[in-house]
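**Student:** The primary structure of each chain is shown beneath.
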Amino acid sequence: MNSREKILGAISINKPSLIELPVIDIKSTSSLSVDWVDEFIKTLESIGGKVVQLSSIDLIKLEIQEAKLRGEYIVNTLPVLGEVNNEINPTMEASLLESIDRAYIEGSIGVAENGSVWLYENQIKNRLLPFICQHLVICLNINKIVPNMHEAYQQVDVAKEGYGVFLAGPSKTADIEQSLVIGAHGARSLLVYLIS
Amino acid sequence: MKVGLFIPCYVDQFYPKVAVATLELLEKLGCEVVFPLNQTCCGQPMANSGFASLSEGCDKNFIANFGEVDYVVSPSGSCVLHVKEHLHDQNETKASYIRRNIYELTEFIVDVLKVENMVANFPHKVGMHISCHGQRGLNLSSMSELSAPSFSKPAYLLNMVKGLQLSLPKRVDECCGFGGTFCVFEEAVSVKMGKDRITEHAINEVEYITGVDVSCLMHLEGILKRQGSSVKTIHIAEILNTH
Amino acid sequence: MNPKNFNRLFFVPIQGAGLSHSAAAEIFNKDEERTDWHDETLWFVREKRDKAVKQISEWEQLRTLGSDIKDHTLSNLDIYLAEFEKNAQANGIKIHWAIDAEEHNEIILGIIREQKVQQVVKSKSMLTEECHLNDYLAQRGIDVIDTDLGERIVQFRNEPPSHIVLPAIHLKKQDVSETFHEHLGTEKGNNDPQYLTEAARQHLRDKFIKSQLAITGVNFAIASTGGFVVCTNEGNADMGAHAAKIHVASMGIEKIIPKVEHLGVFLRLLARSATGQPITTYSSHFHQPRVGQQMHIIIVDNGRTKQLGRPDFRSSLKCIRCAACFNTCPVYRRSGGHSYHTAVAGPIGSILNPNLDMKANADLPFASTLCGSCSNVCPVKIDIHVQLYKWRQVLVAEGFTTGGKKVAMKGMAFVLSHPSIYRISGKIGRWIMRVFPFIFNNKSFNPWYKQREMPEAPEQSFRDWYKKNKK
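Protein chains in written order, with numbering that gives the first Met the number 0: chain X, 0 to 195; chain C, 0 to 242; chain L, 0 to 470.
One chain only, chain X, in its complex shape (with noise of 0.2 Å):
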């Protein structure tokens, strides 16, 4: 007999008879009267990420511009904010990515309860792009935002890719003595456009 069946015999003997499997009936209707936008930006910078609104992406463009010229390597993967890097691919190295100082990615929903904003692979165009780059830039548009993780479940298909994230603010670790210190091995900070 192999481990598998020693371990599936062995549980099949010691588990105890069927309990039932509970519905999840999460009420939010406590919190109807909150405003998602308000509580989403508000619980990101808790955390220490940024968020701008924006009813325009024209900013974001000259930004883009202007940090190019003063020699940054950047990475765009929205083709609506001008040319898009296409060196990034799945397989691209992390010793070619290591060097990328900002890097501009979209997002699919944030959720207000924890700031965290979903990013599916398509996305992200190499798993590494969001943890490798020194600043991460999300474009979220501001009607994606959902108030909870069960909603955020019901919106995104985590297993439609091979890889999904959801992200909230950038690295930490409070290792050394709780002190929370920004920046530990991921982005060193995370800036959110919520785009109406």
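You may find that some hints are simply not true.
[To be verified] For each label pair, taking beta carbons as the anchor points, the in silico distance ranges come out as:
hint	chain 1	residue 1	chain 2	residue 2	range
1	X	Lys143	C	Ser95	56 to 62 Å
2	X	Ala66	L	Glu158	39 to 45 Å
3	X	Lys41	L	Arg139	50 to 56 Å
4	X	Val22	L	Gly402	51 to 57 Å
5	X	Asn84	C	Leu167	57 to 63 Å
6	C	Ser95	L	Gly402	34 to 40 Å
If you are wondering where the hints come from, they were derived from the structure by calculation, not from laboratory data. Glycine residues also receive a C-beta, built at the ideal position from the N, C-alpha and C atoms.
Use these hints to put chains C and L onto chain X, whose structure you have.
**Tutor:** Same frame as chain X, but now just chains C and L:
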């Protein structure tokens, strides 16, 4: 209403004044109180040490002593909890009757007697130690870990006492470190936990530390005395029995 | 009685190698200032947790859901594991099964050798700590670089983690500074956490880029989709997994959840309970290897099926490793994780570890006052303190106790079962003084008296008073 007074073994031996106060208080509140003379102990010291198997004799004796009263009342939340959770016998009817009808003193006064005012008078600054078994086990007061409305049966009663200024330590319901035989098997941590409770009460400049469990108070008293502190411990029954 | 025998009889639980929890805790408490610091640092985390959970009006409902979903899952675990395996394989993930720690480690060594891997990075995985993977691979010439900051710190110091979420919480910034000065060449005496973290970032970026194989843990594995979720704040699991050509994820059999919708419940519970954050910075959902990558999952038993067969203790397998019970435990905060001498310390460790080795861990269920705070903070409502009590009964029944304790308890039980003897004992002298180990007013013999005064023996017992005044 016939109340059987259950006085835990160490209270009988070391703190008879708490037992006397409990008895007098219950009588003052109109109860007919009996103290069955053959009672000994609930068996908790053995059970918490892993020897619940040895507590059968205690259980039998407990049932023989308390099987015939309307309520069993005790000035010790911890012992009451033990009986509520672990008293068993071949005669389960009697055991389950006792398990349902045993009360810690303050919950008995609040929930059964439904007392709404007291004549007690204790013009002192008093810090309340919330004992874990009474709180988390018997639900005598709300717990800091849970998202639930706040309440406290012991504080409800203490707030009726004339002249008494009640305070809570910063960490309102952290354990004092007594923990039964933990107090000797884990001496270093036990004492440290007790010292930390005392430090927080001292910040509130209390004259007394009170609570619903003599065991916690005995532990805190031992540390206070060793420190040469002027702060005294007093069981809640002794305060409620003042006039 | 000479003190040595006395101590042997009463205070040192039977235990394998090393110090018992109480002995280690006594050493820990010798530096009271540091004990205070440790206690306050962890209490701060507990306070952050309180603040976060009180912002969620449905918190207690979420805990109930989390608990019920896990209860259900355990009752159908074999079916869900098989479903997970099938779906994960269809996603292109290779599944391995390991009956114990040894087999788990062998599987990883096999992958390393087969693929001729030189550089291995690992993000935090308590399961690999439980399996002592690093030691196993080091003995075979393979160095694993831990990439979580706290884990890297303790790895440099050759220490195990002292906390499952905050591995280096027992260390002060001065200690970290010295360690980094020695290993990374940081400025001597520069204790700034920002500076030290930056040094680790630079050091580990290089390791991520060069690594060929990344090991991660698994927070949740979804049966219906064959994917898994890994949660970190630093981003180290992602940096490792996405940079390396091989990703190996180790999971205990209990990490399964039935469906994606259940992630909504657990991700809401996990970070709030752990650190008071609304969610970890990164909650990464892996379903397929990336182009050109290999992805392996090792499903590990290592005693879990045995625990599943213990009705009193099986719910310990619901644990999602948030460590809220550590942070709230007044004993953990004042004894430090290393006093528990196991990979998973704290209250949850004290109910998990006796299952793995009763003899070596017989002391752990006694390292508690049974105050119950652990059960109240647990996001999946494990009745930890009740299980601590129950483990005590099992350990005594199985003979893992000292002869002295047994004699004392038997003596106590005999007196307490016989009212007439109890009364006589009371008259002769306060019998408790003789049955409890409070015996002597001597600091070296009597642990009560070491730092506490004895209660004063009154003139008469209550019983005597009652007979005189009421009868």
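**Student:** Hint by hint, say whether it matches the structure.
**Tutor:** Outcome of the hint check:
1. X:Lys143 / C:Ser95: 56 to 62 Å: holds, 57 Å
2. X:Ala66 / L:Glu158: 39 to 45 Å: holds, 43 Å
3. X:Lys41 / L:Arg139: 50 to 56 Å: holds, 51 Å
4. X:Val22 / L:Gly402: 51 to 57 Å: Holds: the Cβ-Cβ distance is about 54 Å, inside 51 to 57 Å.
5. X:Asn84 / C:Leu167: 57 to 63 Å: The hint (57 to 63 Å, Cβ to Cβ) holds, given that Asn84 (chain X) and Leu167 (chain C) are roughly 60 Å apart.
6. C:Ser95 / L:Gly402: 34 to 40 Å: holds, 36 Å
Comparing the model with each numbered hint stated earlier shows that all of them hold.
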